[in-house]
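A.B. asks: In case you want the letters, here they are:
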Amino acid sequence: MKNRIPLSLRVPEPKCRPGDKPDFSALKLPEAGSVPRPEISAHARELLEYPFTLIRVLDAKGRAVGPWNPKLEPETLRRGLKHMLLVRVYDDRMYRAQRQGKTSFYMKSTGEEAVAIAAAYALERDDMCFPSYRQQGLLIARGYPLIDMMNQVYSNVKDPVKGRQLPIMYSSKEYNFFTISGNLGTQFPQAVGWAMASAYKGDDRIAASWIGDGTTAEGDFHYAMTFASVYRAPVILNVVNNQWAISCFQGIAGGNEATFASKAIGYGLPGLRVDGNDFLAVYAATQWAAARARANFGATMIELYTYRAEAHSTSDDPSRYRPADEAKAWPLGDPVERLKQHLIAIGEWSEEQHQAALAEAQEQVRAANKEAEAVGVLGQGNIPSVKTMFEDVYKDMPWHLRRQRQETGV
Amino acid sequence: MPAMNMIQALNSALDVMMAKDPNVLAYGEDAGYFGGVFRVTDGLQKKYGLTRAFDSPISEGGIIATAIGMGVYGLRPVVEVQFADYIYPGYDQIVSEASKIRYRSAGEFFVPITIRTPYGGGIFGGQTHSQSPESLFTHIAGIKTVIPSNPYDAKGLLISAIEDDDPVVFFEPKRIYNGPFSGHHDQPVLPWAKHPASDVPEGHYTVPLGKAAVVRPGNDLTVLAYGTMVHVSLAAAAESGIDAEVIDLRTLVPVDIDTIVESVKKTGRCVIVHEAPRTSGYGAELCALVQENCFWHLEAPIARVTGFDTPYPHAFEWHYFPGPKRVGEAMKRTMETR
Ligand SMILES: Cc1ncc(C[n+]2csc(CCOP(=O)(O)OP(=O)(O)O)c2C)c(N)n1
Ligand SMILES: [Mg+2]
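First to last, the sequence lines map onto chains A and B.
To convert, note that position 320 of the first sequence is 1604 in the working numbering; the numbers rise steadily by one, no gaps.
To convert, note that position 174 of the second sequence is 508 in the working numbering; the numbers rise steadily by one, no gaps.
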């Protein structure tokens, strides 16, 4: 006799929606400093617990504790803090520019500044980055001119990518920052290929890539993990788990069933899970993964556990799908505040210095923006020559494009 | 009848079909609780429950593949691909699977699914929020390709697509979600409420697949267009003073050959308009069809007005977008040939 019950379809839901009180009580946060730091040569099989814990260095009092403490010089920490401030101020200014109608679109990285800045600090300047659209901090940490970023956002005549790309889709070969794609996830396996090429050539440079929690659902994630593992590619594969993918909480990408870092296990890769709002922890994990890759031990996947503190983009209104004050309730705090607190705790920073640094960042952004706006903002017509629209489709322009260009009269 | 914009009309089609048929469900990225980034699935989860309208992982391949599986089971899923520019990770499932399952199983299995996706430019979306990839689907045997140009058709065609037993790729011209757009970007945009096609019945009705509409009768020249370009072509016709007949194809495959042939035989001249790049665009197919079916009636070469063979460039939105000026010039050139 059959003894079957009717099946039922499950669709996961977040704990809180607009109007609810934010609730992160289910988050299990291990003490800062409690996670051991393995040898970089450890086999992935020896690292099976790392995807289920959280590497943290800064404790609640702002002290740097435990084996992952990278013991950075105070001067490095101050620079890191200033870079995070600069990203935040830059984001605010560009967001405002969009609201003022000066460009079509913008995306902030607010709350996630440590993810990009600390990683940039732990990588070498000539390591190749394959970022998503939320790692503008990489460019800023590498000293890419703000004015060029703004020219890109304004699609003006000095835009380094000639007005062709949506704002924030930067590209800089000189700064080892790969041209950003609007198609999610594509860069993840490309980074693996770059790393394979570097290994093939006996080079000493490694690659790093970043995607969001939501993007792990794309096939590209699987391609990247498989190739990285099979060919032991010198690459760091970062998954920035900022809890949200536009309106979808991370459970829609499978984050409720298993941590994103734990997906590494099935591929035979180490998966580190890291407090993404802790500058020191992000630095330390990236440093570990970079050293491992450089020593030919292969790839590491890092889940950066953080929170998207603001809207997905200028086209989004998060109050429609999550509690308005959820960002404030995020138990891992704010990366800028936490590094600031640490520097003050070790007597290397003060509230006055912080205010001065903030004012300096604001002034830097203001001056650059003035210059960029003088060049032109979107919709004013001060765009690259229409002729250039037909260039770079191919190395050499074929007859049909030349004819189309002639038809437009340029 | 209530005045609906395109978004409301599409939403109403889904609502009607979900009320009528428990086998219809809707899902896609941000399409559940939030109701879609363009709000087309707004309110459906609330009304029909979590398992009828839900959020999907960011995986166009997964979305389309699971829809195929559901369709094979006997459901009629309507899935949303957030932008047509992001349909490619699901392309293999459409091209190799959805389109061929009926054929390879000799009719045993079939895939009654609808893939909705916003397409087209005019919103400063850059190269990944502006594409018109319809010809990548019209080329695939076993797929139907539908593109509405107004709220009334949008609802009636979407209902037909859902009721159809074959896979349908349903492109929604996002530039005209909220109002018809003539292509004059410097002029204020009219809301749909001022347009007769915003008169949309609340209940069930269909606009048949495979039937074009003559949206402007005329004698001197035939314009073949679809989606946003229907409105651009109407503006160009009005401004040029040419007695043009404008045909809104509505379904690209199977295309309404009779309406096309009847019109071109009458006018002897034909201009084809689309936003997609020119090379191997759907216009090439139309051009061939007109030539094959109306050659002895043609009085001038067939003209194409299209996007350029470049990616869609952000700052050059209005240089790239085929506006009424370019369409009007092509119409004049076609008229001048004797
Ligand atoms: C292939 C593809 N599908 C869909 C989109 C639309 N889209 C842009 S961002 C986004 C959410 C991404 O979320 P996540 O990966 O978590 O990154 P986050 O924005 O949170 O940094 C979506 C669905 C896209 N850009 N590309
Ligand atoms: Mg995310």
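Don't read these hints as lab results, they were simulated from the structure.
Where is the CB? At the ideal position from N, CA and C, for every residue including glycine.
Wrong hints could be hidden among the right ones.
Unchecked claim - For each label pair, taking beta carbons as the anchor points, the in silico distance ranges come out as: (1) A/LYS1286 <-> B/ALA527: 35 to 45 Å; (2) B/HIS518 <-> A/ARG1686: 22 to 32 Å; (3) A/PRO1429 <-> B/PRO542: 52 to 62 Å; (4) B/LYS659 <-> A/GLY1385: 47 to 57 Å; (5) B/GLN625 <-> A/GLY1427: 53 to 63 Å; (6) B/HIS538 <-> A/ASP1304: 48 to 58 Å; (7) B/TYR437 <-> A/GLY1427: 56 to 66 Å; (8) A/ARG1686 <-> B/LYS381: 48 to 58 Å; (9) B/GLY408 <-> A/ILE1431: 58 to 68 Å; (10) B/LYS381 <-> A/LYS1312: 30 to 40 Å; (11) B/ARG438 <-> A/VAL1677: 29 to 39 Å; (12) A/LYS1286 <-> B/THR540: 38 to 48 Å; (13) B/LYS354 <-> A/LYS1286: 26 to 36 Å.
As the list claims (entries may be wrong) - Below, computed lysine-lysine pairings styled on DSS-like, alpha-carbon distance capped at 30 Å: (14) A/LYS1612 <-> A/LYS1305; (15) A/LYS1457 <-> A/LYS1654; (16) A/LYS1305 <-> B/LYS381; (17) B/LYS659 <-> A/LYS1612; (18) A/LYS1345 <-> A/LYS1299; (19) A/LYS1442 <-> B/LYS659; (20) A/LYS1299 <-> B/LYS434; (21) A/LYS1299 <-> B/LYS545; (22) A/LYS1671 <-> B/LYS434; (23) A/LYS1345 <-> A/LYS1612; (24) A/LYS1457 <-> A/LYS1442; (25) B/LYS545 <-> B/LYS434; (26) A/LYS1457 <-> A/LYS1366; (27) B/LYS659 <-> A/LYS1671; (28) B/LYS380 <-> A/LYS1305.
A.B. asks: Decide, hint by hint, whether the structure agrees.
C.D. replies: Here is what the structure says about each hint:
1. Restraint check, A/LYS1286 to B/ALA527: a C-beta distance of roughly 57 Å breaks the suggested window 35 to 45 Å.
2. Roughly 29 Å separates the CB atoms of B/HIS518 and A/ARG1686, a value that falls within the hinted 22 to 32 Å.
3. For the pair A/PRO1429 and B/PRO542, the supplied restraint of 52 to 62 Å holds, since their beta-carbon distance comes to about 58 Å.
4. Between B/LYS659 and A/GLY1385, the C-beta spacing of about 25 Å breaks the proposed range 47 to 57 Å.
5. At roughly 59 Å, the beta carbons of B/GLN625 and A/GLY1427 sit within the given window of 53 to 63 Å.
6. Restraint check, B/HIS538 to A/ASP1304: a C-beta distance of roughly 37 Å breaks the suggested window 48 to 58 Å.
7. Taking 56 to 66 Å as the suggested C-beta distance range, the pair B/TYR437 and A/GLY1427 conforms, at roughly 58 Å.
8. Restraint check, A/ARG1686 to B/LYS381: a C-beta distance of roughly 55 Å satisfies the suggested window 48 to 58 Å.
9. Taking 58 to 68 Å as the suggested C-beta distance range, the pair B/GLY408 and A/ILE1431 conforms, at roughly 59 Å.
10. As the Cβ distance of B/LYS381 to A/LYS1312 is approximately 37 Å, the hint placing it in 30 to 40 Å holds.
11. Our hint of 29 to 39 Å for B/ARG438 and A/VAL1677 holds, since their Cβ atoms are close to 37 Å apart.
12. At roughly 41 Å, the beta carbons of A/LYS1286 and B/THR540 sit within the given window of 38 to 48 Å.
13. The hint said 26 to 36 Å for the Cβ distance between B/LYS354 and A/LYS1286, and at roughly 32 Å that hint holds.
14. Proposed proximity of A/LYS1612 and A/LYS1305 is supported: the alpha carbons are some 11 Å apart, at most 30 Å.
15. Using a Cα cut-off of 30 Å, the hinted pair A/LYS1457 and A/LYS1654 holds, with the two alpha carbons roughly 26 Å apart.
16. Pair hint A/LYS1305 plus B/LYS381 holds up; C-alpha atoms about 24 Å apart against a cutoff of 30 Å.
17. Annotation: proposed proximity of B/LYS659 to A/LYS1612 is violated, straight-line Cα distance about 52 Å (limit 30 Å).
18. At roughly 29 Å between alpha-carbon atoms, A/LYS1345 and A/LYS1299 fall within 30 Å of each other, so this suggested pair holds.
19. Taking the CA atoms of A/LYS1442 and B/LYS659, the gap is near 29 Å; set against the 30 Å cutoff, the hint holds.
20. The hinted pair formed by A/LYS1299 and B/LYS434 fails the criterion: a straight-line CA distance of about 42 Å is larger than 30 Å.
21. Pair hint A/LYS1299 plus B/LYS545 does not hold up; C-alpha atoms about 48 Å apart against a cutoff of 30 Å.
22. For the hint pairing A/LYS1671 with B/LYS434, the CA-to-CA distance comes to about 43 Å; that exceeds 30 Å, so the pair is violated.
23. Among the hinted pairs, A/LYS1345 with A/LYS1612 is consistent with the structure: their alpha-carbon atoms are about 18 Å apart, no more than 30 Å.
24. For the given pair, A/LYS1457 sits about 17 Å from A/LYS1442 by alpha-carbon distance, which is consistent with the 30 Å threshold.
25. The suggested pairing of B/LYS545 with B/LYS434 holds, with an alpha-carbon distance near 24 Å, which does not exceed 30 Å.
26. Of the supplied pair hints, the one linking A/LYS1457 and A/LYS1366 holds, its CA atoms being roughly 24 Å apart against a limit of 30 Å.
27. As the CA atoms of B/LYS659 and A/LYS1671 are separated by approximately 19 Å, the hinted pair is consistent with the 30 Å bound.
28. Annotation: proposed proximity of B/LYS380 to A/LYS1305 holds, straight-line Cα distance about 21 Å (limit 30 Å).
Hint violations for this structure: numbers 1, 4, 6, 17, 20, 21 and 22, all remaining hints satisfied.
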